[in-house]
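K.L.:
Model the full assembly from the supplied sequences, consistent with the hints where possible.
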Amino acid sequence: MDFSVVVEYFPRLLEGAWVSVQLVALSVVLGALVALPIALARISQNWWIKGFPYAYIFFFRGTPLLVQIFLVYYGASQFDVVRESILWPILREPYWCAIIAFTLNTSAYTAEIFRGAIQAIPEGEVEACKVVGMTKAQMYRRVLLPRAFGIVLPAYGNEIILMLKGSALASTITILDLTGMARTIIARTYTPIEIFLAAGGIYLVISMVIIAIFRQVEKRQNRYLGTVSIKVPDKG
Amino acid sequence: MIDLHGFGDQLLQGALITVELAMASLAVGLVLGLLGAAAKLSSIAPLRWLATIYTTIVRGIPELLTVLIIYFGATIVLMAIASQFGYDDYIEVGPFAAGVTALGLTFGAYATEVFRGALQSIPKGQHEAATALGMGAFRKFQRIILPQVWRVALPGLGNLFLVLLKDTALVSIVGLDDIMRKANIAVSSTKQPFLFYATAAVMYLLLTIISMVVVTWLEKRASRGMRRG
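Listed in order, the protein sequences are those of chains L and U.
Under our numbering, read the first sequence as residues 24 to 259, first letter to last.
Under our numbering, read the second sequence as residues 40 to 268, first letter to last.
Possibly wrong hints are sitting among the right ones.
[As the list claims (entries may be wrong)] Covered stretches of chain L (in silico footprint by chain U; criterion: 3 or more residues with CB under 8 Å from a CB of chain U, positions within the stretch not fixed):
| no. | segment |
| --- | --- |
| 1 | 87-94 |
| 2 | 98-107 |
| 3 | 111-123 |
| 4 | 207-221 |
| 5 | 224-235 |
Hint data in this document are derived by calculation from the structure and do not stem from the laboratory.
Since the structure is predicted, the reported quantities are computational estimates derived from the model, not experimental observations.
Glycine included, C-beta positions come from ideal geometry on N, C-alpha and C.
P.N.:
Structure follows, in structure tokens:
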């Protein structure tokens, strides 16, 4: 094995890593925004309201991310309506297709995490809100959502790491993310082991940074709890 | 009715390959998971380190990268080893073998944590009672520990299997003729990407539903002795 190729191509790999980080950051932020209304609708007792989020979550968690990316990138172009619409300049670009697919995918997982967190808040707190005369909106804004934020953090950190690993699939629709860049370099140098291991090392470092950041935020958010730790239901 | 342009049979054959790949990886992964958990709970420090390195690395890098590393790397490594023994012909590692190895390694790394938690959840008294009855280490594990570990670990393993089932789609990228690649082939000849990828999605959903039903049944079966709790 010859690791001098790794040194030679390291700047290119870092370029790819930057694309991966962008993809993850954008889709995680957008995904959280999409997830919140879905989680709130999913909690509803009314079947007409929770039916759609139920199907949405089931579809995006039950099919491979690869299928979802291909559906957005290749699938949308089957319809002339899409190709003639004003959205076509966006749906033509692999980068935006990856963002759309990742956002939809992560929003389904995140919605389940949010739902678990909201439902993990003790009934007594909800009752206390009602007793002091808060409206439903006030209760969510002042008590439930801030509380859920603290509970959600560990599981949410995991979801971001899963998204980072899922982002490698962007390379299948010609995006030069970390994996895509590694494959391009290998096509030129024929050194798969060295370059793939280097890429794997960079992924490991990125996930460790994410874990460290979340540990800090968690400490800050849950400082009022002292040393008590909170249990969050595992994600499916 | 939806017209699949005669590719229906092909997709079903792909589904068979997907299921075979998932089951083979599951078998490899369960063995690796039990070994990993045993190593993590071992009193021998190097074994614990080895297991920790294994789970950290495999869980930290993308599954796609693991598949690519095994597929392209295994040939090179195997040929290097074989040439030490004087065998210089080309050795090819097929996509199925590479897929089973990569997905088995991934499943094993996550299953290590599930099994570790389950092993630790068994009260010390159970171990002591088995020893008091005169059971040896192997018999104790087989008769007392494993059935209980199985019950505790099943929900976690069920979730991991659903993840594994979806990860099988990645092996299509190195050329395994599973659902995904059959769909790719159908798309390139019919130019109807939405139709075939949506069909593939539905097939994965069906496989997911079937797996969920089986896991629920297994869970019920495994906790027969607990029902009157």
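K.L.:
Does each hint fit the structure? Answer for all of them.
P.N.:
Comparing the hints with the structure gives:
no.	hint	result
1	87-94	holds (count 7)
2	98-107	holds (count 5)
3	111-123	violated (count 0)
4	207-221	holds (count 5)
5	224-235	holds (count 4)
Checked against the numbered hints above, the structure violates only hint 3.
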